[in-house]
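Number of protein chains: 2
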Amino acid sequence: MHILVLGAAGMLGSKLITKLAMSGSLLSTQINRITRQDVVLAPPPPTANFQIDTQMSDLSQEGEFEKLLDDKPDVIFHLAAIVSGEAEADFEKGYRTNFDGTRLLLESIRLKGKGYCPKLVFTSSIAVFGAPFPEAIDDDFFTTPLTSYGTQKAMGELLIADYSRRGFIDGLSLRMPTVCVRPGKPNKAASGFFSNIIREPLVGLTANLPVSADVRHWHASPRTAINMLIHAANLDSSLVGHRRAISMPGVSCTVAEQIAALKTIAGSDCVKLITKEPDATIAKIVSGWPQNFNPQRALALGFKPDKDFEEIIRIHIEDELQGKTNWTTHV
Amino acid sequence: MHILVLGAAGMLGSKLITKLAMSGSLLSTQINRITRQDVVLAPPPPTANFQIDTQMSDLSQEGEFEKLLDDKPDVIFHLAAIVSGEAEADFEKGYRTNFDGTRLLLESIRLKGKGYCPKLVFTSSIAVFGAPFPEAIDDDFFTTPLTSYGTQKAMGELLIADYSRRGFIDGLSLRMPTVCVRPGKPNKAASGFFSNIIREPLVGLTANLPVSADVRHWHASPRTAINMLIHAANLDSSLVGHRRAISMPGVSCTVAEQIAALKTIAGSDCVKLITKEPDATIAKIVSGWPQNFNPQRALALGFKPDKDFEEIIRIHIEDELQGKTNWTTHV
Numbered sequence: 592m593h594i595l596v597l598g599a600a601g602m603l604g605s606k607l608i609t610k611l612a613m614s615g616s617l618l619s620t621q622i623n624r625i626t627r628q629d630v631v632l633a634p635p636p637p638t639a640n641f642q643i644d645t646q647m648s649d650l651s652q653e654g655e656f657e658k659l660l661d662d663k664p665d666v667i668f669h670l671a672a673i674v675s676g677e678a679e680a681d682f683e684k685g686y687r688t689n690f691d692g693t694r695l696l697l698e699s700i701r702l703k704g705k706g707y708c709p710k711l712v713f714t715s716s717i718a719v720f721g722a723p724f725p726e727a728i729d730d731d732f733f734t735t736p737l738t739s740y741g742t743q744k745a746m747g748e749l750l751i752a753d754y755s756r757r758g759f760i761d762g763l764s765l766r767m768p769t770v771c772v773r774p775g776k777p778n779k780a781a782s783g784f785f786s787n788i789i790r791e792p793l794v795g796l797t798a799n800l801p802v803s804a805d806v807r808h809w810h811a812s813p814r815t816a817i818n819m820l821i822h823a824a825n826l827d828s829s830l831v832g833h834r835r836a837i838s839m840p841g842v843s844c845t846v847a848e849q850i851a852a853l854k855t856i857a858g859s860d861c862v863k864l865i866t867k868e869p870d871a872t873i874a875k876i877v878s879g880w881p882q883n884f885n886p887q888r889a890l891a892l893g894f895k896p897d898k899d900f901e902e903i904i905r906i907h908i909e910d911e912l913q914g915k916t917n918w919t920t921h922v
Numbered sequence: 592m593h594i595l596v597l598g599a600a601g602m603l604g605s606k607l608i609t610k611l612a613m614s615g616s617l618l619s620t621q622i623n624r625i626t627r628q629d630v631v632l633a634p635p636p637p638t639a640n641f642q643i644d645t646q647m648s649d650l651s652q653e654g655e656f657e658k659l660l661d662d663k664p665d666v667i668f669h670l671a672a673i674v675s676g677e678a679e680a681d682f683e684k685g686y687r688t689n690f691d692g693t694r695l696l697l698e699s700i701r702l703k704g705k706g707y708c709p710k711l712v713f714t715s716s717i718a719v720f721g722a723p724f725p726e727a728i729d730d731d732f733f734t735t736p737l738t739s740y741g742t743q744k745a746m747g748e749l750l751i752a753d754y755s756r757r758g759f760i761d762g763l764s765l766r767m768p769t770v771c772v773r774p775g776k777p778n779k780a781a782s783g784f785f786s787n788i789i790r791e792p793l794v795g796l797t798a799n800l801p802v803s804a805d806v807r808h809w810h811a812s813p814r815t816a817i818n819m820l821i822h823a824a825n826l827d828s829s830l831v832g833h834r835r836a837i838s839m840p841g842v843s844c845t846v847a848e849q850i851a852a853l854k855t856i857a858g859s860d861c862v863k864l865i866t867k868e869p870d871a872t873i874a875k876i877v878s879g880w881p882q883n884f885n886p887q888r889a890l891a892l893g894f895k896p897d898k899d900f901e902e903i904i905r906i907h908i909e910d911e912l913q914g915k916t917n918w919t920t921h922v
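The listed protein sequences correspond, in order, to chains A and B. Residues in the first sequence are numbered consecutively from 592, following the numbering used here. Residues in the second sequence are numbered consecutively from 592, following the numbering used here.
It is worth saying that the hints were derived from the structure and are not from the lab. Any given hint might turn out to be false.
Which copy is meant is left open, because identical chains are indistinguishable; a pair holds if it fits in one copy or across any two.
SDA-like cross-link-like pairs, simulated, lysine to any residue; straight-line CA separation at most 20 Å [to be verified]:
(1) 684 with 695
(2) 684 with 694
(3) 684 with 858
(4) 663 with 679
No experiment lies behind these values; they were computed from the predicted model shown.
From just these sequences and the hints, can you work out the full model?
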C-alpha cells in the first residue's frame, strides 16, 4: 500500500500522515510507503514503520505528476489548495493551483492507462454553496459558489465524478466543514475568529470576535476531519454510486453557543478574554457562508461528526494542549 | 451593436442569425454587424441591413479568440459545442471543445481588460442533471451529470457565474430543453427519435420509436429556443443576481402525448407511419434524462415555453414546411 498525500505540509496533511503512521494500515492493507508532496517545506515526518518520502513541487507545472505517479500510488489524498482569501485576491493563481492542479492530477492518472484506477480523496469545501440558503442544506441542494475558491472546488467535484464514472479513478469529494479549533497562530482568514475565540483564551490570551454572536456556522474538529478522510479512503464506493461529492456532517452552532461551551469547560474568566470589536468586512463575507446542513447521505455512509461544540473544545485541549489549559477545566 | 455568434453554422446559430437579421436590433440598439464563427462552413448568410462576417476557426486553439474579440463585440452568443454522443465517444475532444473552448473564451475576454464586459449568452443543457430525479426538477436541484458533455456544460456554468461575479462578463447560462421538432435529416443522436417520429410522418415517411411510449421528456421548439436566447441577451441581469444558470421552461410530455398531438393535427393515417422497434441501448440512455422541470425562476424572468406539444408541431409546419404537410392538417 503506497499512499500519496498532495498538500502534505498543511494542517490536515500533517495530521493525516501522523494518524496513518500510528495505524499502519489503510483499506485493511499494511502501508509500506507514504509520499508527502507540498509546494512548501513539510515539517519532519512522524515516526513510522514504513518509508515516508517528501517531494517539494508545484503541481500546476506540467510534468510534476508524472514523477509523483511514477509507481502508481494506490491511494491519493488530494488536499493541495490555496485558501479562499488568496484565491479571491489572486484570480490567476487560484485557478492555476486549485483547478488546473486538480485537472492535471486527473489527466496524469488517466494517461497512465493500463487499468490504473487509484482511490482518490479530494477535500472539497462547503464554499461550493452560496447564500441564500434554506435553514439546513440538503444533499441535493445546488452549488452556487460566491467565491472563486468555491467555484474551483465545485469544478473539481464535477471532474472527479466524471473521471470516476469513466473508470479512470475511484474518487470521492468531501465537502469539509470549517475546521475548528484550528491550531497554530491567528491568521487573516475571514473564518479565523471561529477558532481564535476558543484557542487564544484557553492559553490566557485575548481574541477578537468581529461578528454578531448570533452568527451560525458548521464545524468539525481536526481529529474528526482526519477521521472523515480516512473513512472515505476505506469506503466501498459502490455504495456511493455516481454522485461522488458528499457534504460532511458537522456541528452547527452560533458563536454564542461556542462561547457558552467555552464557559462550561474553562469558566467565565476565560471567556472574558474575548473582545467584541465589529468588522463590517468580515461580517459581510461570513453572511454568505453556509450555517447548517442535513447531511443524510454522509451519515448513512458512516461519516461521523463531533458530538457538540464542547467535544470540539475538549478535542483541542487533548490534541493540542496535552490536556492542560490556564484554567480549571471541566474536561 | 456588434454581435459575435460562436457555433453559428449549427441549427440554433443559423436560426438565431436569421431572426436577428429580421429584427435588426438587440438590447434596443440597432445591429450594425454580426460575426459568425464556426469550425465548419456556415450556410450563406441571410439578407440583412448590416454586415455579416464569417470566420472559420477551431476555438480550442490558442489565439483564435484574440482575433474574434479584436474589436470587442458587445454581445456574444456561445453556442459552440460537440454533441453529447461525440463527447462521450471522444473524451479528449469533448473536454477540449466543450470545456477548454469556453474557458479560453472567458480568459480572452478577461485579458482584454480596460472595462470590457460583454453580454454573454451560453447554451447549457438539461444534461447537467442526472437521474434519479424528483417528479419535477426545481431551480435549486443539484447538477449531477451522467455524461462528460453534461459535466463540461456544468463546469462552463460555474465559470460563467464566477466571471460574471468578478465583472469580466455579464453572462447567462440557459439550460435548454431538447429542441423538438429538430429540422433536417434523422441523425444518430440518442434523442433523435423525439423529432423523427413527428418530422418524418408529416412528409409521408416512416420513423421508428425505439423506446416505450410512456417515456416523458422536456421539449422546446426551435422558434421558442431562439426567442429564449434573444430574451436572455435583452434581460437586465441585475434581476438575475449571482446565480447565472437558469433552467429554461419547456413542454413536458410523454411520447404517447406527442403521438396524440400528431394525430390531432395530421390524422390517424399519419401516425401509422411510426414503427415501434425497441432499442435497449437508446432506452437505457434516455432513462437517465430529465423528464420534467418546475422552472419558476425562468418564468418569473419572462422566458416563455411553447404552449403544448400541438403548438410545437404547428411551429414546425409553419417554419419548416411552409404551412403544408402531406396530410389534411388542422393547423
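Each hint tested on the structure:
no.	hint	result
1	684 with 695	both (15 Å within a copy, 16 Å between copies)
2	684 with 694	both (14 Å within a copy, 15 Å between copies)
3	684 with 858	neither (44 Å within a copy, 63 Å between copies)
4	663 with 679	neither (34 Å within a copy, 26 Å between copies)
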